[in-house]
Amino acid sequence: MKERLTKIYHGFGLPRLIISAFLLALIVVAAGTELSVAGLLSDALVRIGQNGIYVLAMVPSIQVGAGLNFGLPVGVIAGMVGVLVAMENSLLGFGGFLVALLVAIPLGIIAGYLYSLLLNRVAGQEMMVGTYVGFSIVAGMCIFWLMAPFTNPALIWPVGGQGLRVTLTLADTFGGTLNNFLKFEIFGLTVPTGLLLFYAFFAFLLWLFLRSKPGVAMEVVGRNPRFAVASGLNINAYRSVGIVLSTVLAAIGYVVYAQSFGFAQLYNGPLMTAFPAVAGVLIGGASTREAKVLHAIIGVVLFQTLLTVAMPVTNQLIEGNISEIARVIVSNGMILYALTRVTGGEQA
Amino acid sequence: MNQIKRIISKNAVPILFAIVCLLGVYYAQMPGQFLFMEIIKRMARNSFLVLSLIIPVVAGMGLNFGIVLGALAGQIALILSTHWEWSGIGGLGLTALLATPMAVLFGVLAGMVLNKAKGREMITGMVMGFFANGVYQFIFLFLVGTVIPFDNAALRISTSPGLRNTVNLSRLRGVLDNIWTVQYGFTKIPIVTFLVIALLAIAIWAFFKTKLGQDFRAVGQDRHIAGVAGIQTDRNRILAIVFSTVLAAWGQIIFLQNIGTLNTYNSHEQVGTFAIAALLIGGASVTKATIGQALMGTFLFHLLFVVSPSAGQAIFGSAQVGEYFRVFVAYGIIAISLALHAWRSKSLAKASMEEDVSA
Amino acid sequence: MSVPVLEMKKISKSFYGTQVLDNINLTVNEGEIHCLVGENGAGKSTLMNILFGMSVITDTGGYEGDILINGSKVAFNSPKAAIGAGIGMVHQEFMLLPGFTVAENIKLNREDTKPNPFSKIFGKKLETLNRKKMSADTRSALDKLGMNIDEWVTVAGLPVGYLQFVEIAREIDKENLQLLVLDEPTAVLTESEAKQFLEVVQKLARTGISILFITHRLDEVMAVADNITILKDGELVSSGPTESYTIAQMAELMVGRKVETSGRIGNVKSEKANEAVLEIRDLRVDMPGERLRGIDLDVYKGEILGIGGLAGHGKIALANGIMGLYASQGQVRYEGMDVPLNNPREALNLGLAFVSEDRRGVGLVLEDSIANNIVLTSMQTQNEFLKPGPLKLKDQKRIMAHALESIERFDIRCTGPEQIVRRLSGGNQQKVCIARAFTQNPKLFFVSEPTRGIDVGAKSRVLELIVELNRMGVTVVITSSELAELRSISDRIAIIYEGKLSGILAPDAPDVEYGLLMAGKSLEEVGIGERATN
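Those protein sequences? They're chains A, B and C, same order as listed.
In this text, residue positions in the first sequence follow my numbering: the first is 1, and each later residue adds one.
In this text, residue positions in the second sequence follow my numbering: the first is 1, and each later residue adds one.
In this text, residue positions in the third sequence follow my numbering: the first is 1, and each later residue adds one.
There's no promise every hint is true.
If you anchor each label on the Cβ, the simulated ranges turn out as follows [to be verified]:
#1 A/Gly13 <-> C/Arg409: 32 to 40 angstroms
#2 B/Pro101 <-> C/Glu235: 57 to 65 angstroms
#3 C/Asn130 <-> B/Val108: 44 to 52 angstroms
#4 C/Pro159 <-> B/Ile336: 54 to 62 angstroms
#5 B/Ala319 <-> A/Thr169: 55 to 63 angstroms
Calculated Cβ distances over 12 angstroms to all of chain A for the following chain B residues [unchecked claim]:
#6 Lys5
#7 Ile19
#8 Met37
#9 Ser87
#10 Ala117
#11 Met128
#12 Pro149
#13 Gln221
#14 Thr261
#15 Lys288
#16 Val321
Treat the hints as calculated values from the structure; they're not laboratory data.
Every residue, glycine too, gets a C-beta built ideally from N, C-alpha and C.
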């Protein structure tokens with residue numbers, strides 16, 4: 001019995017155990033108040049589906065040895081352009097959603113490829129360079145949003161302002177399209193079927209890809225580049241594949257996020273997108289060198305549920321919005337833990 | 001001729017930014033007097049913080065994104081000093097004194113964390129800054145007034161937990177700047193503040209002439225070799241971060257006494273980014289930074305800051321373009337510097353290998 | 001004669017149960033130049049680590065035996081303590097900070113300082129550097145060596161040859177220096193620099209400083225040494241005054257066959273020999289520390305060709321160059337076809353397989369399972385172990401079946417094919433490497449240092465496996481630092497010296513011939529006629 005327990009403990013890992021226990025405690029507390037547990041869990045399901053693909057995006061980047069993809073905004077921007085193009089043309093429902101994806105994906109591929117060319121030259125320092133490339137692109141795009149040639153009045157400031165609005169609502173176009181698809185309710189729990197299916201589909205695709213010949217090659221390149229060379233693999237090519245994959249997932253992730261959230265926040269909105277996603281995959285059990293699709297799934301479920309449940313529960317206890325601060329502390333604490341855990345250099 | 005070329009290529013970054021700034025000044029069409037006033041004000045405010053970055057760079061720990069911790073120590077001291085109603089230059093000195101042990105503690109902790117993340121100091125420092133910010137917010141937004149009893153109308157609204165979003169530092173506002181000012185046109189030059197900055201510059205310069213400074217330099221060049229020579233590398237690295245954190249705490253106090261109000265939850269957020277961008281624009285890199293570069297960078301960066309909105313207005317018909325542009329420059333210059341550093345150290349390793357082989 | 005400067009008595013050391021030094025005695029007198037000779041792995045560096053109280057020794061349970069300095073017993077627990085007792089060391093790799101000046105390097109952590117107002121409050125660490133004094137001391141140290149470089153020049157700009165002198169200047173600047181250890185100091189020097197260097201060493205010895213000189217170059221030993229100590233496999237094989245040795249004797253003692261080595265387990269190569277299957281012409285390989293500077297060599301069909309030589313002379317680079325892992329130039333033809341260099345993919349496609357000397361760095365994906373390690377190369381280069389269909393998904397069933405079969409065939413001791421390779425012992429890791437190469441169905445098999453770091457039982461099993469593969473018709477090129485092992489399975493053995501082919505010997509050629517070729521002496525030069533070596 002004891003042996004089995006220690007085995008479970010080692011397999012699951014201390015951070016996950018703590019977070020799960022904490023989560024459970026929160027839910028128990030919630031049940032004791034007038035809060036609706038089913039309602040909380042419904043919100044959690046939405047947030048899981050909404051953030052899931054961002055966390056998936058971490059997997060190929062880590063697998064290929066480029067570490068946690070702090071440059072997530074590179075892909076997010078591509079997704080934003082996709083969403084804006086669909087909105088500019090007032091495309092509604094699934095049509096809008098699909099057009100957004102169709103624009104976002106090729107842009108994500110191009111942006112991801114260029115980004116990978118840079119990262120291949122700074123191997124070993126990808127995370128730091130990625131962070132600031134992400135920040136720069138967000139800041140640079142702020143100028144673009146001001147001058148972009150969009151004309152749809154729903155997007156641009158009414159008289160007096162210049163450029164795109166800071167917050168756009170998707171309610172009139174394709175907000176919630178995916179969430180509402182096949183949505184059903186059970187015991188007061190609302191299940192956003194379409195959103196979760198879409199997420200599950202991408203998780204499966206990624207899982208499948210990682211089991212294919214190029215997927216295996218990618219993993220080898222990340223785990224031991226020198227072995228990869230000796231096995232005739234082109235390291236930079238596979239690193240590019242991984243980074244492009246990560247960037248494209250970020251682009252798709254944004255389109256999904258925006259339709260679920262119901263708003264698109266331009267300008268500095270996407271500045272910190274990478275951090276919860278990075279924390280998510282780490283909470284799921286990944287390290288800066290190892291990540292599986294399963295880690296991404298566990299991570300997003302634990303982290304997003306925690307955030308969703310923590311806010312209303314703590315609000316019952318203390319005043320004020322603690323959710324944002326909890327997010328900052330948990331996510332950065334988790335990243336800090338991961339960064340200091342590996343010994344030696346990143347490439348060692 | 002070749003020498004000119006060498007000087008230009010060595011100082012490519014500041015020269016490039018000087019050109020950008022000149023263009024900005026030209027298009028912004030600002031009155032010279034106003035420009036001068038703004039620059040003087042901003043140099044007085046920011047130079048100290050930028051100078052606090054030099055020591056860790058020389059000690060081989062890269063750009064200290066963790067100076068946020070120092071800024072937080074400074075702010076906590078300011079909050080307490082407001083609570084106790086300290087005032088005047090004596091009050092400011094006392095505040096700095098109060099910030100010092102906190103900054104030392106934070107610095108030791110940060111240094112220990114960074115020693116566990118060798119080769120990844122910068123990203124770790126940055127995340128540590130975010131993390132510390134979260135803890136700081138948790139304390140001052142939630143615990144204060146609920147768990148920690150704290151009643152002071154100047155700092156809190158008694159009906160909700162946490163400190164006010166802005167704290168008026170009226171007792172300390174300008175107390176350093178105003179000790180002795182010299183009027184030039186309609187600019188008041190805060191002589192004492194500049195003297196303090198000059199004193200710090202001299203102190204840093206002198207510090208690198210001492211045994212400890214030499215040890216820092218040695219550790220910065222090569223941890224392994226310094227260690228073999230018997231220098232305690234880990235201890236020196238922690239010390240370097242402690243110095244930087246303490247200086248940042250003092251720097252933040254100087255910064256805020258000039259501004260006069262403390263944005264409890266935002267004042268420190270961009271401290272690291274802007275100070276680092278300024279240092280890099282002066283021509284510093286991840287491995288090399290001098291006092292001249294820090295001061296030159298502070299000047300250029302803030303010149304850009306001042307002229308950007310007007311220049312944006314003049315060129316693009318939108319002041320906002322200019323505002324976004326300067327943020328873009330801050331992030332962009334850091335991204336480029338980091339990439340160049342990583343790129344160079346990679347090709348350097350390759351070159352030394354090739355050299356070895358063709359020798 | 002007075003009390004010796006250094007006496008090491010009955011020094012023994014084992015790492016985790018493996019004996020690396022056994023009962024070593026070493027005595028160095030005042031002003032003596034004592035040469036410590038031995039192959040890499042003979043135990044020289046361990047002995048020096050013990051002398052310097054390095055943490056690799058103290059952290060692994062210390063050592064047995066006594067060290068006496070000037071007749072009194074010492075036990076250093078840190079390099080600082082050793083340095084304090086007047087022992088200096090010049091490392092093989094330069095311990096100089098490139099951005100520091102010559103004077104700053106020489107005075108590193110021994111800077112002269114003078115007090116200032118702050119240091120009186122905050123302590124000695126804040127005393128100002130006394131550059132004048134540092135400069136003067138440096139000048140006098142450099143002058144002693146006959147160096148006229150400027151003491152305020154940064155080291156980064158100096159030619160490599162000068163760096164060695166800066167290192168020595170640093171050591172002699174230490175006032176109480178009595179013993180200077182030089183670890184292969186001439187390896188990076190040109191011939192004239194080396195000559196100048198040896199003169200300086202002799203000059204130093206005349207001033208009363210004792211020198212412990214570690215080198216592979218037997219010429220140098222003969223030229224400067226007063227006494228010689230030869231180590232082999234952690235044992236002291238011979239010690240005495242230089243006059244009592246010839247180069248040939250030293251060479252023989254260095255490489256001499258281990259007593260317990262079993263006889264040949266290889267087969268005599270088949271009759272249809274001497275048909276070159278691999279022709280190597282003027283191959284140059286830029287492998288750091290193991291450079292190959294132009295070699296011509298034929299590998300015959302069906303043979304086991306051994307490649308030997310001392311560490312650092314380039315034997316390792318041969319296979320690495322042909323397999324495209326290090327930048328190479330020259331011509332390599334395999335079965336009449338050009339092998340494109342610098343292209344691992346092409347080499348693999350031609351049917352060459354390689355088991356690297358760097359097992360953990362290149363040979364394995366340590367975090368991956370045994371099964372994956374065995375099939376990875378074959379999957380990526382030959383599209384094996386994939387399910388049919390456009391997705392090219394890996395065929396887990398076939399992978400497992402093959403892994404199980406390999407585990408049995410190669411006797412890999414493990415908990416199962418899913419076990420992570422990092423957890424295996426060195427010998428079993430090596431078997432995984434060989435299984436991977438087998439899985440590629442190679443026609444020509446390169447294997448480097450197959451038994452390095454593995455226990456005795458696994459050693460013979462690994463060698464048997466190589467012979468087995470050879471019997472199946474695969475040509476084998478085996479590179480090894482262990483001459484005995486080469487001699488036990490090879491048909492011919494090529495010795496590499498300073499990046500060039502020194503000669504080819506039969507496995508049963510006398511020890512002395514091997515020793516001479518390894519020391520770069522041709523056999524005629526010392527009066528031993530070239531024997532038939534086919």
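Against the structure, the hints:
1. A/Gly13 <-> C/Arg409: 32 to 40 angstroms: Because 37 angstroms falls inside the window, the suggested range holds.
2. B/Pro101 <-> C/Glu235: 57 to 65 angstroms: 59 angstroms, holds
3. C/Asn130 <-> B/Val108: 44 to 52 angstroms: 31 angstroms, violated
4. C/Pro159 <-> B/Ile336: 54 to 62 angstroms: 34 angstroms, violated
5. B/Ala319 <-> A/Thr169: 55 to 63 angstroms: For A/Thr169 against B/Ala319, whose Cβ atoms are near 27 angstroms apart, the range 55 to 63 angstroms is violated.
6. Lys5: Label holds. Min Cβ-Cβ 25 angstroms, cutoff 12 angstroms.
7. Ile19: 20 angstroms, holds
8. Met37: 27 angstroms, holds
9. Ser87: 31 angstroms, holds
10. Ala117: Given that some Cβ of chain A is not farther than 12 angstroms from that of B/Ala117, nearest at about 5 angstroms, it is violated.
11. Met128: 6 angstroms, violated
12. Pro149: Check passes; 15 angstroms lies beyond 12 angstroms.
13. Gln221: For B/Gln221, whose nearest Cβ neighbour in chain A is about 17 angstroms away, the distance exceeds 12 angstroms, so it holds.
14. Thr261: Holds, since 22 angstroms exceeds 12 angstroms.
15. Lys288: 17 angstroms, holds
16. Val321: 6 angstroms, violated
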